[in-house]
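S.K.: In this note's numbering, the protein residues as written are 4 to 217.
Fair warning: there could be bad hints in the mix.
Listed next, with one range per pair, are the computed distances between beta-carbon atoms [stated by the list, open to error]:
#1 Ser-202 to Ile-150: 19 to 27 Å
#2 Ile-150 to Lys-71: 18 to 26 Å
#3 Thr-164 to Ala-215: 45 to 53 Å
Computed cross-link-like contacts, SDA-like style, restricted to lysine to any residue with a CA-CA straight-line distance of at most 25 Å [what the hints assert, rightly or not]:
#4 Lys-59 to Met-198
#5 Lys-173 to Asp-141
#6 Lys-93 to Thr-75
#7 Lys-71 to Lys-173
#8 Lys-56 to Arg-159
#9 Lys-59 to Phe-139
#10 Lys-93 to Leu-63
#11 Lys-186 to Glu-216
#12 Lys-88 to Asn-77
#13 Lys-93 to Arg-130
#14 Lys-56 to Val-195
#15 Lys-186 to Ala-145
#16 Lys-62 to Gln-132
#17 Lys-62 to Lys-88
#18 Lys-71 to Gln-188
#19 Lys-59 to Lys-173
#20 Lys-71 to Tyr-61
#21 Lys-71 to Ser-54
#22 Lys-93 to Glu-73
#23 Lys-186 to Glu-137
#24 Lys-62 to Val-72
#25 Lys-88 to Lys-173
#26 Lys-56 to Asn-197
#27 Lys-62 to Thr-95
#28 Lys-71 to Lys-56
#29 Lys-88 to Tyr-61
#30 Lys-59 to His-121
#31 Lys-186 to Ser-106
#32 Lys-71 to Gln-132
#33 Lys-93 to Lys-56
#34 Lys-186 to Leu-104
#35 Lys-59 to His-80
#36 Lys-62 to Tyr-170
Hint data in this document are derived by calculation from the structure and do not stem from the laboratory. Each residue gets a CB set at the ideal place from its N, CA and C atoms; glycine is no exception.
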Amino acid sequence: MKSNTALILLCMISFTMVSSLLVRSSCRTVPSVTRRYMMTRIQTSLYSSSSLKYAKSYKLEGTGEGTKVEITTNTGHSLATDIPKPMGGKDTAPQPVETLLASWMGCTQATALFVGRHLPGRLSIGRMQFDNIEGFRDERGALQLPIDETPEIPSRLQRITGTIRVYERKGNPISAEQMELLKEQTEIRCPVANMMIASGCAIDVEWVDGSAEE
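When you get a sec, could you build the whole thing from the sequences and use the hints?
M.R.: Okay, here's the thing in structure tokens:
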């Protein structure tokens with residue numbers, strides 16, 4: 004009996020150690036700013052009883068014809084996506100990945116305004132300029148054949164680069180500490196950025212004080 008108990012305890016300890024190593028390994032590709040957040044939230048579930056009352060949903064309807072999809076939201080808006088002609092589309096609307104990047108920009112803007120209002124000393128943002136935003140992915144993740152085999156390379160976006168210029172409403176300077184905290188908390192709290200980072204996408208975007216350049 005004692006030997007069985009010891010064996011069970013040894014197995015449990017080994018499982019815990021391996022699980023910890025796997026979690027830490029999976030987080031190495033995630034920026035350090037967000038890594039701590041992910042580790043502390045690893046056991047959190049949206050569907051736990053304590054979280055259901057905070058759940059926010061988004062409802063859309065879409066109709067696809069050829070490569071184009073026309074979409075409507077339950078908030079009364081519409082949008083469309085298509086792909087370029089060289090890819091077999093008609094180029095009548097932005098590409099799906101372009102709309103993803105646009106969603107990240109919009110979510111970043113809205114979240115940054117919220118974060119700024121609650122920063123120590125309060126940062127009142129007048130506007131934000133997104134310059135040279137570019138997303139990168141490896142096409143082999145989507146196009147690799149044969150189709151019944153999973154590609155070794157992920158199809159997701161792997162990196163986003165560019166610059167975000169933040170302008171204080173009255174032209175006041177933004178301290179380095181405020182800018183760093185603004186960037187950190189915006190990336191953590193923006194649902195789109197948070198999802199991208201969790202997928203392994205690196206957001207290598209520089210945040211600068213736009214007012215200081217004027």
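S.K.: Does each hint fit the structure? Answer for all of them.
M.R.: Now the hints, each set against the structure:
no.	hint	in the structure
1	Ser-202 to Ile-150: 19 to 27 Å	holds, 22 Å
2	Ile-150 to Lys-71: 18 to 26 Å	holds, 23 Å
3	Thr-164 to Ala-215: 45 to 53 Å	violated, 21 Å
4	Lys-59 to Met-198	holds, 15 Å
5	Lys-173 to Asp-141	violated, 42 Å
6	Lys-93 to Thr-75	holds, 20 Å
7	Lys-71 to Lys-173	violated, 43 Å
8	Lys-56 to Arg-159	violated, 31 Å
9	Lys-59 to Phe-139	violated, 29 Å
10	Lys-93 to Leu-63	holds, 23 Å
11	Lys-186 to Glu-216	holds, 19 Å
12	Lys-88 to Asn-77	violated, 31 Å
13	Lys-93 to Arg-130	violated, 34 Å
14	Lys-56 to Val-195	holds, 21 Å
15	Lys-186 to Ala-145	violated, 31 Å
16	Lys-62 to Gln-132	violated, 29 Å
17	Lys-62 to Lys-88	violated, 30 Å
18	Lys-71 to Gln-188	violated, 36 Å
19	Lys-59 to Lys-173	violated, 34 Å
20	Lys-71 to Tyr-61	holds, 21 Å
21	Lys-71 to Ser-54	violated, 36 Å
22	Lys-93 to Glu-73	holds, 14 Å
23	Lys-186 to Glu-137	holds, 18 Å
24	Lys-62 to Val-72	holds, 16 Å
25	Lys-88 to Lys-173	violated, 45 Å
26	Lys-56 to Asn-197	holds, 21 Å
27	Lys-62 to Thr-95	holds, 24 Å
28	Lys-71 to Lys-56	violated, 36 Å
29	Lys-88 to Tyr-61	violated, 31 Å
30	Lys-59 to His-121	holds, 22 Å
31	Lys-186 to Ser-106	holds, 17 Å
32	Lys-71 to Gln-132	violated, 30 Å
33	Lys-93 to Lys-56	violated, 43 Å
34	Lys-186 to Leu-104	holds, 17 Å
35	Lys-59 to His-80	holds, 18 Å
36	Lys-62 to Tyr-170	violated, 33 Å
Checked against the numbered hints given earlier, the structure breaks hints 3, 5, 7, 8, 9, 12, 13, 15, 16, 17, 18, 19, 21, 25, 28, 29, 32, 33 and 36 and satisfies all the rest.
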